[in-house]
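Chemist: Now for the letters of each chain:
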Amino acid sequence: MFPGGGKMEYCVVGRGLCKSYASKKVLDNVDIHVPINHIYGLIGPNGAGKSTLLKCIMNLIRVDGGNVQVFGNPAGMGKHELNRTGSLIESPYFYDDLTGMENLLVHSRYMGCYDKKRLDEVLDEVDLTKDAGKKVAGYSMGMRQRLAIARAILIKPELLILDEPINALDPEGIRKMRELFIRLNVELGTTIIISSHILSEMDFLAGDIGIMRDGRLIKEKTMKEIHQENKEKIVAKVDDLSKAVVVLEERGIKNYKILDDGQIQIFDLTHDTSYYAELFVQSRLKLYQIDIVKKTLEEYFFETVGGN
Amino acid sequence: MFATISLFASAQESAAGYAEAIKMINAAITDCYLIFSGMLITRVIVEEYLKKTVTILLTYSVSRYRLMAAKVLFVLGMTICLMSVTGLVSLVYLVAAGPYMKLSLGVFGEADFMCWLVQFGWSVILTVTFTLMSMSVAFIKKTSQSVFVSSLLAIIIVQILISQDIQGFSLVFGLISIVLTGISIKKYADKIE
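Residue numbers (this note's numbering), protein chains in the order written: chain A, 52 to 359; chain B, 2 to 194.
By construction, these hints were calculated from the structure, which means they are not laboratory data. Virtual Cβ for every residue (Gly too), placed ideally from N, Cα, C. No false leads were mixed into what you were given.
With a Cα cut of at most 30 Å, we get these calculated DSSO-like pairs of lysine-lysine:
1. B:187 x A:130
2. B:192 x A:130
3. B:53 x A:167
4. B:53 x B:188
5. A:75 x B:52
Here are some of the chain A residues that sit facing chain B, going by a computed Cβ distance under 7 Å:
6. 112
7. 133
8. 144
9. 161
Facing chain A, from chain B, some residues (calculated, C-beta under 8 Å):
10. 52
11. 53
12. 57
13. 59
14. 60
15. 62
16. 63
Make the full structure from the sequences, and use the hints.
Modeler: As structure tokens, then:
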């Protein structure tokens, strides 16, 4: 809830955030809105300013302009807010001379939440129970990443800020972490801000997307909006392509493409799939498959940032 | 340290009395602990920045000023404790081994002990003062090289102050370094960009 008593819609709100290093603008008037209990995906090319933005939210760097509001606190990330936040910013840093368990122990004591059972629990969640007694110096990058995730979720945070958390993980690890994040979000209502280069993962995970480029947040949309806006084509597979073409032409539909594998792609989206299905069936064509293909997040991303 | 004491004590011209020997020993102890505190500062403060573990420290729901102040107190505490042990052991060694090392120091009396206490007190003040200076440098520059250079400079200044018997200046330096450390923690300790 906001201090005023109204219902809080956003967990994090940033307004007009600016940050420069020397003469380079790293953040340029960024406005970000992270709805409470949502998973917010922050995507953008290298150097777009994602990590800097997350550091600003965590109050790890001072902004040149603008302000961040966290949990309704206009002063941003203070002591009280840090107590409710887990984070993994940039790389997973640890005290390398300590074991995985000792690192978590240090963290839990600083956060004032020492609970041996919880430590075992998070280590189990990231599959590090066996290696908890080994020094972190001997961990692989993937293990460090998983330990950092364990540290971030240790206090069952209300807000979880993760900067490229699945970078060094293998496919199995990525799947497990995805399930873990979704579980935290669904079961505990944890708001998650996650930046990643792996757009297919963000497609799975995020309910909201912020696209950054050149220090600016150029788009902020829900995944639902993205999918609704980006219906791309209808793909149908029939037994007789030449007859299908005649049927379409007769109805004045000219925006289509024939593929070698017997598929026909229709780009005229004034009608839906049921219309085309009915059309083909009534024309005595055997319809094997018909589907509406939506743009993936990757396609939407490249379209938005103007890359290839 | 024992070698230093023995060398000083062996040179009869250099140590005609306990006061002279004590002064030389404390100067040596101060130098050693300025180097020691420099190394401790590197380990406890600078490495947090170099290994970037400070980004974790700064996400704890603990006052950042208090967190860094605790590190300052830890370095000072460790340095003073070990320095005191070294000072006492050196004094015992000087008194016990003195008669067997061609010394003409005579009997160690209460006046000599008071002299040691005063000299050692100055050594502690000098060490604390210049350790704080090095810590300010550590918070501002965040590199081990800068801490090493500041420790070396501190040794030179301390030697001048001791040899010229103007240790009293360390009180002024001390006040300045306390203020400087406070400011450096407040302004620079959480600056990680």
